[in-house]
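Visitor: Given next are the chains, with one letter for each unit.
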Amino acid sequence: MKDLKHIHFYEQLLDEANNDLVRKEKAEGKIAVGYTCYYVPEVLLNVGDAFSVRLRAPRTGSLDISQYYMTAFICGYSRALFERAFEGGYNFLDYWCSSETCQQMNRVVENVDHLKLVANAKFGHGIIDAPLKVSEHGLKHYMTQIKTEILEPLHEKYGVDISDESIRRAVKEHNEMCKIFEEISELRKEKNPRITPREMHILSLVSYACPTAQILPYLKETLEDLRSREADPENKWRARLIVVGSELDDYSFSEIMESCRAYVVADRYCFGTIPGRQCIPLKDDEPALEQVCKYYLDTNACPRFMSQEKVHARHEELLRYAEEYHADGIVYEQAKFCDFWGYEKLIGTAYLKEKTNLPMTSVDREYVISGSGQLMTRIQAFVESIGIKKIQKNRGANNG
Amino acid sequence: MAKYFGGCDVGSTYGKCVILDESGKIVGNATVRSKINPVETANMALAEAISMVPGLESAKDLTYLVGTGYGRNKVPFADENISEISCHAMGVHVTDPSVTGIIDIGGQDVKGIAVDSDGTVKNFAMNDKCAAGTGKFFEAMARAFELSLDEFCRLSLTAKNVIPITAQCAVFAESEVISLVGEGKPREEIAAGLQVSIAKRCFVMAKKAGTDGNITLTGGCAKNEGLKKAIEQVLRIKVVELKTDPQLMGALGAAEYARQMGM
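Residue numbers (numbering that gives the first Met the number 0), protein chains in the order written: chain A, 0 to 399; chain B, 0 to 262.
Calculated directly from the structure, the hints in this document are not laboratory data. Among the clues, some could well be false.
DSBU-like, lysine-lysine: derived pairs with alpha carbons at most 35 Å apart [said to hold, decoys possible]:
#	chain 1	residue 1	chain 2	residue 2
1	A	Lys389	B	Lys228
2	B	Lys159	A	Lys389
3	A	Lys132	B	Lys207
4	A	Lys188	B	Lys207
5	B	Lys242	A	Lys389
6	A	Lys388	B	Lys199
7	A	Lys392	A	Lys178
8	B	Lys206	A	Lys235
9	A	Lys392	B	Lys34
10	B	Lys242	B	Lys228
11	B	Lys135	A	Lys392
12	B	Lys206	A	Lys389
13	B	Lys242	A	Lys309
14	A	Lys188	B	Lys237
15	A	Lys389	B	Lys2
16	B	Lys242	A	Lys335
17	A	Lys139	A	Lys188
18	A	Lys388	B	Lys159
19	A	Lys190	B	Lys73
20	A	Lys352	B	Lys199
21	B	Lys34	A	Lys235
22	B	Lys135	A	Lys335
23	A	Lys354	B	Lys242
24	A	Lys352	B	Lys2
25	A	Lys235	B	Lys199
26	B	Lys135	A	Lys1
27	A	Lys121	B	Lys73
28	B	Lys24	B	Lys59
29	B	Lys237	A	Lys309
30	B	Lys24	A	Lys352
31	A	Lys219	B	Lys24
32	A	Lys388	B	Lys184
33	A	Lys335	B	Lys73
34	A	Lys392	B	Lys228
35	A	Lys235	B	Lys228
36	A	Lys335	B	Lys121
Just so we're clear, the structure is a prediction, and the values are computed from it rather than from any experiment.
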């Protein structure tokens, strides 16, 4: 296939957290708000003059300094963010929103604050106490936390407009982007899809790592290009897989999948498209903030939610995706030392094995994925076990 | 004209090559010490295997060839590459279809593989933490004992007792071994302790993969008699002996896949 429009530009954008589009937005006097988690509603960080940047640490090398401050038994993502902050990589940030989602990430933000690692006199941070259950009380608490830890500080420190109207404008822009992803996601259902897993991963990552207003025009052009794009005549994919798991912002993972001829039909990991790239419905006669908060609680698929209905819903959702996207198998990927996903993959695989014959595998991985030969061997063996069985089944059918 | 099919397994320590005829019979094979450049390893292994088959002069004379092993992407003459996990399963299946579980102990990793009735992989597990339980580990231990690898592998067979080794890390285990030797502990009992500690690692991989029934060992370490005995004790099984060199199973599986694709 010919190169997707803007793909090389997107790759460049992903080389730095403080990328060209972030710098452009900052030059216009906008307020950069970093965040790491779905519990912090992205759309609410894009109100008024604020813009969201989901934090990554591209080109991470040694993690020795973060290991000194945070021990080795912390997930690579947390340590990489700390290390990058220590290196001065987040000096462009005005505010850092975090959530009590995991203690590891909390330690990052607290250390960054304590050691004054962000060289910006006005830098501030807020940590929300996110509820563990979806309930009326939980929603009320969640809203209060978001107001006091995110919206009000942004308004008081930086004069950001946090009115109902401003939130609605942010949702409108967010939905514009989500519509693009909804249309692209449909293309993944094609038998011989015209978009590769690597390209999809890159598109998803830039949409999180760049200011929405800045990236939107590019994404629109990419979608236009995709509409008329034709897939290579030969369908090279051996297996269609759903990937679910921990935070994953290194598209080398998708490159490994591609090299093993695995097509990722649906992805549910932080920085992925499910949830996060679906339109947020808003009613005119109810407060926007409450609707947004409720939407984020309802759609949150983080394994930190351990109530039975959420656990069950996550598994059922996977089965639904499998049917909808014609998947041949499921891959659980877990960042090492990610507590929540360690648990989720165990009960998830056990539950799904009872419910379905879909092949499943789980892989542990580091934050930096490129060059992981063992990961490639695992994925390749899994894909082969599906692909070879398919070939043998077809041969059997033809002979019979 | 007769057709021949090749499988080339470029491992971290040894490169192996197997050539099959149309009936699936092994007509050529080779095992060479790996070079730092996997392309060179593949070339050497293939040249040696081909020299055993009259009428074959180069890779071009093979109908189809599959590369496998950690250097599978670097086999210059391969028509395709398949992971060593799939290839070991197929290699064992064509050697002995009654085997349903494999513990593959290679130069740099350990794998447990559950094999389906058609020779495909049902499930697998592999260590990826460190060199513990791999050929590299045994090489380091043999060095610590100032023995050849073969001598070290047989050392534990004469042990009356087993001295437990707590460290599985190759570096720390070497220090522990040196301390125990310094304390005057019987060397064969220390060696037995090392074999048991690795057998326990193999136990975990075999269980994680869900292997049951007839289990065999593959990879270079399958020839380690001390380890085999320890695995039989720890897993409470009788390891199935393969009639073909267990180190060749990856290359044999690759060649069998080549045969299936090229026929």
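Visitor: Flag every earlier hint the structure violates by its number, smallest first.
Guide: 1, 2, 7, 9, 11, 13, 14, 16, 17, 18, 23, 24, 25, 26, 27, 29, 30, 31, 32, 34, 35
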